[in-house]
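Those sequence lines, one after another, are chains F and A. 1 is the number of the first residue of the first sequence in the numbering used here; add one for each residue after it. 1 is the number of the first residue of the second sequence in the numbering used here; add one for each residue after it.
There may be inaccurate statements among the hints.
Here are some of the chain A residues that sit facing chain F, going by a computed Cβ distance under 8 Å [said to hold, decoys possible]:
(1) N107
(2) G112
(3) I146
(4) Q304
(5) E308
(6) E326
(7) G344
(8) D346
(9) L371
(10) T373
(11) S375
(12) R376
(13) L420
What follows is a list of derived Cβ distance ranges for each label pair [as the list claims (entries may be wrong)]:
(14) I95/A <-> C341/F: 31 to 41 Å
(15) E60/A <-> P408/F: 51 to 61 Å
(16) Q57/F <-> G331/A: 35 to 45 Å
(17) C341/A <-> S156/F: 23 to 33 Å
(18) E364/F <-> E51/A: 18 to 28 Å
(19) R376/F <-> T27/A: 54 to 64 Å
(20) Q57/F <-> K252/A: 49 to 59 Å
I should point out that these hints are in silico values taken from the structure, not numbers from a laboratory. Quick caveat, the model's predicted, so the values are computed rather than measured. Where is the CB? At the ideal position from N, CA and C, for every residue including glycine.
Number of protein chains: 2
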Amino acid sequence: MDIQLNTENLNGFVKAEDYAAILPEVTKAHEHLENKTGQGLEFTGWLDLPERTTEAQLDEYIQLGEEVREHSDCVISIGIGGSYIGLRAALEFLISEQKIPVYYAGNNLSSGYLFHLLKELQDKRITVVVISKSGTTTEPALAFRIILKFMKEKYSADELKKRIICITNPVKGALRSMSKKEGYRTFPVNSDVGGRFSVLTPAGLVPLAMAGIDIRGLIQGAREAQKHCSVMDIQENIAYKYAITRYLLYKKGKVIEILATFYQRLSFVEEWWKQLFGESEGKDGKGIYPASVSFTTDLHSLGQFIQEGERTMFETFLIATESGYEMIIPGSDEDMDNFNCVAGQDLDYVNKRAYQATAMAHFEGGVPNMLITISRFDAKNLGQLFYFFEKAVAITGYLLEVNPFNQPGVEAYKTKMFQLLGRK
Amino acid sequence: MDIQLNTENLNGFVKAEDYAAILPEVTKAHEHLENKTGQGLEFTGWLDLPERTTEAQLDEYIQLGEEVREHSDCVISIGIGGSYIGLRAALEFLISEQKIPVYYAGNNLSSGYLFHLLKELQDKRITVVVISKSGTTTEPALAFRIILKFMKEKYSADELKKRIICITNPVKGALRSMSKKEGYRTFPVNSDVGGRFSVLTPAGLVPLAMAGIDIRGLIQGAREAQKHCSVMDIQENIAYKYAITRYLLYKKGKVIEILATFYQRLSFVEEWWKQLFGESEGKDGKGIYPASVSFTTDLHSLGQFIQEGERTMFETFLIATESGYEMIIPGSDEDMDNFNCVAGQDLDYVNKRAYQATAMAHFEGGVPNMLITISRFDAKNLGQLFYFFEKAVAITGYLLEVNPFNQPGVEAYKTKMFQLLGRK
């Protein structure tokens, strides 16, 4: 594995005997998952998805991507939740690979957002990809109505057949019917994979291929993680180690987990992680509240609270061995700011010392923390990271005795909203 | 006041007798603040700052802004914490007023971030504003070294005298010495106002004026809020009502406050709020953990947890009466998505129904919530909002019996980092 887990800043919070005591429950969770006998078994298709993804599928997506980049300057991706965050996490992580820009729509109900977006794209050559299982989710459905009108003003019906691509239910639903009627190209969503686990399905892979991302590397990384994370060994299997540690911390009153990164490129991995963990665990009055910070920015914001505030949280740091850029700090004759000690070093050298200092200081302040390290910002590492977190949350969910694969609470506000809107 | 506070979704969580019981403590907090007898009194200069800000000062900043826009296409603002987030919150809130773009630097230690920024700005005409009390804070100091080198490659020493502006300590410090030596124009920071309260000082006003923002309106709004929020009446004074309610909820075990917005333009108001509240309250093992969500995006992410997860939080919604944009939802002959019920409506109509439905659903799910409404996205509303939150956190801080105006915990990681870097 390129990614590593370090748990040395847990001393005194979680003990060897805590791990030993929970082993029977972990074994049960492991077996439920592997044998598909646990809660939510109908949505565990993500488990062996990396292995099941064929070269022919990847070739098809990559070829489509090449075609799109020939006739389009950019892509608008319409989707929300799992049909938005995973894609965006991947694109920001792999920003240096990206060949054409991807804009997002249908991920909010903001008039201003869409107004500025359409104004900016007025004169561009555009492909639209709509990602929605049903085609009736409010945000993407309304955005698609508005963007379809915009596209019809730019292009003929024939031209739209190659410029609108729908990723949706393969047999039924509004988007399926509309695609059939209008002749839009479609790709199927996987019926056994929930939205928050869908980044390695066509919902993620198709738009990523359009942007020119190395989706073969992504799947290769996920396959490596699938292999590594299937072993029932709570020391060796880092997904299990992470899952169990956070469960044990929760049982000791740590009700908030803060995912803390030191790279801008990881901001949307944090957002993706918050959906994955929050939606999988937060039910039946249980769950660790998933929060995130972007360091060192937020050391000058939430740093004070984490150091000395209410002792309700633990931290998980996410850093990269190689930053992928060079940015040398210049020397100064007068050295008025007293930073000639780092002149000639890369800025990332200071960033890494900031991480070390923060982890030590917060640990001493009463905040246990773990460290996840990726080797570099490439598709293989990202594939490993996605799968690692997916496997981990499944295990914590089973330990919490919730169904990690449903999201019944999401309906509550929708039902009320449709009443207010007079929607049948 | 243009901004309003609604507390109807608290029924059953906070009672009339809870407010009555706490009145003596609130009166004490109020008197400590007004008479400057409480903890941290040396940093309460923000209290009457709106009133003390003169027309001559505003004229000077506005004139500087006009000069900058004549010779520059954009501004790079170098700063972190209070010298970054408040400015950015204001600019995103007032995006439709902004005349030239402002880019941020010195707010992280990311090589890739600076690499992309300087690449993008290679051919632009640039003014740099450096905001740092001392000039020795790591992130802005290192960014300034790198950006100064970049600017020296573009401009002569004489040209730099009008293109580099420093907002710093008026008498001492590294940035003061450097400005004097090089002939850079300077503005003083207020010594009696902490960073997180500094958005209405030159640290915020000078770069806002460069961007073409209506800083007179901002100060006018703050003056209105200063007047409104100085009254010792816990029903009428909305800053007090908000402060006390959140304190009472905390005492009942609600350890997380989620600030929830429904507009993209409020995302950095959320970040500013997190610093203000987290850094002011999070000490001595106390404090409400400040988290944020951006709805409706995050209804498809953290919505499940808020509806049904561990009951540790309350919510504060922040919405706007007027969105400021028009984005009409088109009708559809087939109505396959079943949304013709909102055809012809503005997208913001649906957004507001989403708010109403969410507030009801979360309340019924066991999450008490409050609503802060702004009238519209203008400078006056923003000035009121900034002051409202500042006054509120001072009161909650005193109720918690902490010093709301210091941040001793921020030094812990810095000390360790300087050791690791070999910095004297």
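We went through each hint and held it up to the structure:
1. N107: holds (5 Å)
2. G112: This interface hint holds because 4 Å falls under the 8 Å limit.
3. I146: holds (7 Å)
4. Q304: holds (4 Å)
5. E308: holds (4 Å)
6. E326: OK, holds: E326/A within 8 Å of chain F, min 7 Å.
7. G344: violated (11 Å)
8. D346: holds (6 Å)
9. L371: Since the shortest Cβ distance to chain F is 15 Å, the answer is violated.
10. T373: violated (17 Å)
11. S375: It is violated, given that the least Cβ distance between S375/A and chain F is near 16 Å, above 8 Å.
12. R376: The hint is violated - R376/A has no Cβ within 8 Å of chain F, the shortest such distance being about 12 Å.
13. L420: With a closest approach of 4 Å, the L420/A hint holds.
14. I95/A <-> C341/F: 31 to 41 Å: Taking Cβ atoms as reference, I95/A and C341/F lie about 40 Å apart, which means the hint holds.
15. E60/A <-> P408/F: 51 to 61 Å: Distance hint for E60/A, P408/F holds at roughly 58 Å.
16. Q57/F <-> G331/A: 35 to 45 Å: holds (38 Å)
17. C341/A <-> S156/F: 23 to 33 Å: holds (30 Å)
18. E364/F <-> E51/A: 18 to 28 Å: 43 Å Cβ-Cβ, so the 18 to 28 Å window is violated.
19. R376/F <-> T27/A: 54 to 64 Å: For T27/A against R376/F, whose Cβ atoms are near 59 Å apart, the range 54 to 64 Å holds.
20. Q57/F <-> K252/A: 49 to 59 Å: Check passed, 53 Å falls within 49 to 59 Å.
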